[in-house]
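So the protein lines, in turn, are chains A and B.
With this note's numbering applied, the first sequence covers 89 to 218.
With this note's numbering applied, the second sequence covers 87 to 562.
It is worth saying that the hints were derived from the structure and are not from the lab.
Don't be surprised by glycine CBs; every beta carbon is placed ideally from N, CA and C.
Some hints could be false.
Pairwise CB distance ranges (calculated) [what the hints assert, rightly or not]:
hint	chain 1	residue 1	chain 2	residue 2	range
1	B	ASP399	A	ARG124	16 to 26 angstroms
2	B	THR226	A	GLN108	23 to 33 angstroms
3	B	THR226	A	PHE132	17 to 27 angstroms
4	A	GLY190	B	GLU264	40 to 50 angstroms
5	A	ARG120	B	SER398	52 to 62 angstroms
6	B	ILE117	A	ARG109	41 to 51 angstroms
7	B	ASN179	A	GLY190	38 to 48 angstroms
8	B	ASP399	A	LEU143	33 to 43 angstroms
9	A	ARG124	B	ALA350	53 to 63 angstroms
10	B	GLU335	A	PHE132	19 to 29 angstroms
Chain B regions said to be covered by chain A (calculated; three or more residues, Cβ under 8 angstroms) [stated by the list, open to error]:
hint	segment
11	146 to 152
12	193 to 201
13	253 to 266
14	295 to 302
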Amino acid sequence: MILAVAVWNGRVSPVFDHSQRLLLVEAREGGRLHEREETLDQPFPLGRVARLRELRVNTLICGAVSKPLATLISASGIRVIAFTAGEVGDVVEAFLSGGLPGPAFWMPGCGRGHGPGRRRFRRGRREGVR
Amino acid sequence: MRTSLQADRPERPETTPEEAFGCSPAETVNIVLESISDGVFTVDMSWRITSFNRAAEGITGIPRSEALGRPCSEVLRSSMCETSCALRQTMKNGKKVINRPASIVNSQGKSLPLTVSTNLLRDYWGNVIGGVETFRDLSTVEELRRELEGRTGCGNLIGHSRAMQRVFRMIPDVASSESTVVIQGETGTGKELLARALHELSPRRAGPFVAINCGALPETLLESELFGYRAGAFTGASRNKPGRLAAAEGGTLFLDEIGDISPALQVRLLRFLQERTYEPLGSNVTLRADVRVIAASNRDLARLVERKQFRSDLFYRLNVITMEMPPLRSRREDIPLLVDYFVGRFNRVKSRSLEGIGPEALARLMACDYPGNVRQLENAVEHAFALCRGGKIRPEHLPGDCRGVIREEAVSSPASTVKGLEAQLILAALRVNGYSRVAAARELGIHKSTLFRKMKALGIRAPASRPKRGNGDQAG
Numbered sequence: 089m090i091l092a093v094a095v096w097n098g099r100v101s102p103v104f105d106h107s108q109r110l111l112l113v114e115a116r117e118g119g120r121l122h123e124r125e126e127t128l129d130q131p132f133p134l135g136r137v138a139r140l141r142e143l144r145v146n147t148l149i150c151g152a153v154s155k156p157l158a159t160l161i162s163a164s165g166i167r168v169i170a171f172t173a174g175e176v177g178d179v180v181e182a183f184l185s186g187g188l189p190g191p192a193f194w195m196p197g198c199g200r201g202h203g204p205g206r207r208r209f210r211r212g213r214r215e216g217v218r
Numbered sequence: 087m088r089t090s091l092q093a094d095r096p097e098r099p100e101t102t103p104e105e106a107f108g109c110s111p112a113e114t115v116n117i118v119l120e121s122i123s124d125g126v127f128t129v130d131m132s133w134r135i136t137s138f139n140r141a142a143e144g145i146t147g148i149p150r151s152e153a154l155g156r157p158c159s160e161v162l163r164s165s166m167c168e169t170s171c172a173l174r175q176t177m178k179n180g181k182k183v184i185n186r187p188a189s190i191v192n193s194q195g196k197s198l199p200l201t202v203s204t205n206l207l208r209d210y211w212g213n214v215i216g217g218v219e220t221f222r223d224l225s226t227v228e229e230l231r232r233e234l235e236g237r238t239g240c241g242n243l244i245g246h247s248r249a250m251q252r253v254f255r256m257i258p259d260v261a262s263s264e265s266t267v268v269i270q271g272e273t274g275t276g277k278e279l280l281a282r283a284l285h286e287l288s289p290r291r292a293g294p295f296v297a298i299n300c301g302a303l304p305e306t307l308l309e310s311e312l313f314g315y316r317a318g319a320f321t322g323a324s325r326n327k328p329g330r331l332a333a334a335e336g337g338t339l340f341l342d343e344i345g346d347i348s349p350a351l352q353v354r355l356l357r358f359l360q361e362r363t364y365e366p367l368g369s370n371v372t373l374r375a376d377v378r379v380i381a382a383s384n385r386d387l388a389r390l391v392e393r394k395q396f397r398s399d400l401f402y403r404l405n406v407i408t409m410e411m412p413p414l415r416s417r418r419e420d421i422p423l424l425v426d427y428f429v430g431r432f433n434r435v436k437s438r439s440l441e442g443i444g445p446e447a448l449a450r451l452m453a454c455d456y457p458g459n460v461r462q463l464e465n466a467v468e469h470a471f472a473l474c475r476g477g478k479i480r481p482e483h484l485p486g487d488c489r490g491v492i493r494e495e496a497v498s499s500p501a502s503t504v505k506g507l508e509a510q511l512i513l514a515a516l517r518v519n520g521y522s523r524v525a526a527a528r529e530l531g532i533h534k535s536t537l538f539r540k541m542k543a544l545g546i547r548a549p550a551s552r553p554k555r556g557n558g559d560q561a562g
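Only chain B is shown next, with the shape it has when bound in the complex (with noise of 0.2 angstroms):
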């Protein structure tokens, strides 16, 4: 029956699909698929892939050749496969699923968050013969979303140096532990990563991360923000506000900087860490708080103990368990690492393509000393996506203190370049190492006689080994 629009509209001669779209309905479908950004691949009745979009070969990093026949458990890698399968529900019960939340591990090994889409796949008779999933990406979303709230995860905490595996092996023991840890490294190295990682890990996770800054308030705010105060404490003290410590009730209380609070500061944190009980200002009740305390500094605690601004009771007491993030130009092995991971992350978090970073500029970036460490790698790389319209970020879009003193001849071809990047590593270390040519041998891997070797192969005139500055307070 035509209804009253229909009946306004005129009449459209029948058309074959083929007429009206220039290909068969499966040609259609097919250009509909690959056009898609959610991914799509279907299974036959014994859970083989039969067909695999051009989506899907992107989240999950594996090609169709690779995919199809294969079981999709295989392929998918999705945290549901063993135990609640979206498809083999549908297979079992007809019943079309829509969204569900899930995760994969795609191929390099990164876990994605997505939402996954079921339905039964039917021949021209009605029988099944098999099912379809669509699964949209939503690692753009997630990241936007921890960016919101400040969260990073322990796969955060990147490196493949040797100085990052030490701190790797000890993460496990030291995260199932209740003992406080102090975390020493210089500004920049990812002393709080490395806090979020244990508390992430750790019996607490469910529990709050509680993060405070001790050197950047100054005294009376920062016990007041500590412990929390009653109403009428202090002047402007209207109503009664619970502290960090409360806050971090069941969880992890992260004090950065430690090594600049009060003396009388730190008798009351001492108070604290012994007797797990603290009284908020202007009151006499005691309250017991049940949070696991980490600390960090970029001073070196021991030496204030030596220099008495810092309590010996307090060091002993917080240094039950003492990790030292290394600074970025003692693992350059780990900048491109570094360098990679933060491009994807500004990508998505700037809705931005950029295709990564050339090798001149990356050269440039192995070079540099970073005593800002890590947060100046990242600083760098942001700084190059302000000024980088698209393809992959050359010298002239890196900040005036990273790029270097590499020269520009150094550089003009492919070859030219390895060996300008291989020459300003070694230049880099031997300045770090005070041009001791053995010192700067070990930190890059390599024998001394290579070292030699490779020096004069590349022309480097370094000047002669002076002894190295004893090491002073790493103040930030």
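Looking at chain A on its own, in the form it has when it is part of the complex (with noise of 0.2 angstroms):
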């Protein structure tokens, strides 16, 4: 399985539509076997789903994303967990854990109420939160 988190200055990357790097986490049974930096340079959505699609990823984790962007990424079949926030490390721990999506990593507007923070898009379909 191939996680990738988009990052910047060690945290996740504030806002997916405009990220320029990935890290990339392959990963079995909870553990991390291998992890690389990627760029993200295609300015346009379609580009930026043809690059996550070239490096196989199978989960990305990305900070706030346009609705049509989110559409493409997880009609391409990428489970998408958008509108998360904190250090890297952390995030990817959380994520091999069990805990992400999480209340603990939620963007702030994200929380509560209707705001995509609520569900995550995944295959084509916008989930709840468990």
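Take the two lone chains and join them into the complex the hints point to.
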């Protein structure tokens, strides 16, 4: 399973539509096998989706993401855990231990009410946070 | 030194701000910040938000309580954060930034265009203690601009239904290919929107998107519109005119209602698709065009081929990729989303502030069959905007064809409104599926036994199932 985290300054990048770098984590049975950074310099949505597919990403953890882009990514069969904030190391650990999506890593404005943070995009549909 | 103007004015006794405004300077600033429509926030030296005004809450969709203390990049979520942060630039060189264009993603996942201005924040002694950023929401201006230009983005394809998800799944691959596409779908389903989305996501996005409705023009006019003409080609052709093919150079040509073109024009179009060359009317010079063609039809092209009304070679040349836009009646779960979108759009375009749609009106909209599909729904909401003076849209604001057959007694209370809505949905699904319980349950996404139970509980007595008629052409 390949996990991609959009990163910036050691934290999850604030807006995936404009993120420049990805941390790729190859994981198996809750443990990390391999990590590397990759560039993400495609400015347009389709290029970003194509790059994720080229890198064989299964799950994307990112900050804010516009709805059209999120729809395209999840329509490509990639699970999107969007509106996530925090230190990259903490976020990866939380994901591998099953703690993501979770309130500790919600971006502001997404932890209550009807924002997308209450839901997550997954394989073409948005699902509730469990 | 007093100027002559000042000398003419009577002396005013010195007053403190508290005496002048009835509150302290800090309170005055706070009142001003809370009353303006521009978003304003301040940060400390570690980029954490220290104040966040009411307009900032509205534009970002983030409550102040959640914004305070968080890194500004995670609150504003701007296109500039990673590469060209205006506030960082101001903090670094002390120069303020005025009205720099950017975009943000709000808490609903919507991308908003805005302009940003920044300045330093200093204490009483002039030491820099942080920065201040103001931002102005330009989404209304942008919406109006797009409306004027007749442009819509791929974000305007709306739907969470399975039928629309199938379409969304195809978009990335289809957009990135250079192949000719045929979009099939009933009138008003959004075929042109899909074509524009394919163009805007394609490598040709920097080129033009040129649309032409083949069904709206007589044959000769369509031919000259498409291929252009030379001066003297026909009476009245006083000078050369390039056609839409030339106008679409480097971009995408969208041929709507392709099933309506004449046999003669089918031949010319086939030649262009095969060789990518054409001659304008009255010219013997062959021109080459680098254009991707997307065609659409509300008629079943395969059936037209069977009836020999459409050339099979043109059909197979066009039909490299086929996409189907589903009719609205097969994706009713998207209606609330679409209504929300249209209400927001008409509020911006018409400078209104309707609160949305009431449950009774929504129930009626959900029960319609929509032969005109999304366009009919859009017209219904626009009709409601003309009649509704404020608050929420009610059933009496809807046009007659959308008021439906819902019983008044079914919507007398909130609980019964929900039941009424449920009953109308079930009845509509039954009607569309020839009263087949199994097919209706499948369309509603519930088990057939759940459907039977709900029909019994809601007192729905529907006629026995009848066989579905064969699908004819979906003439628009």
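Numbers of the earlier hints that this structure fails to satisfy, in rising order: Result: hints 1 and 14 break, sorted rising.
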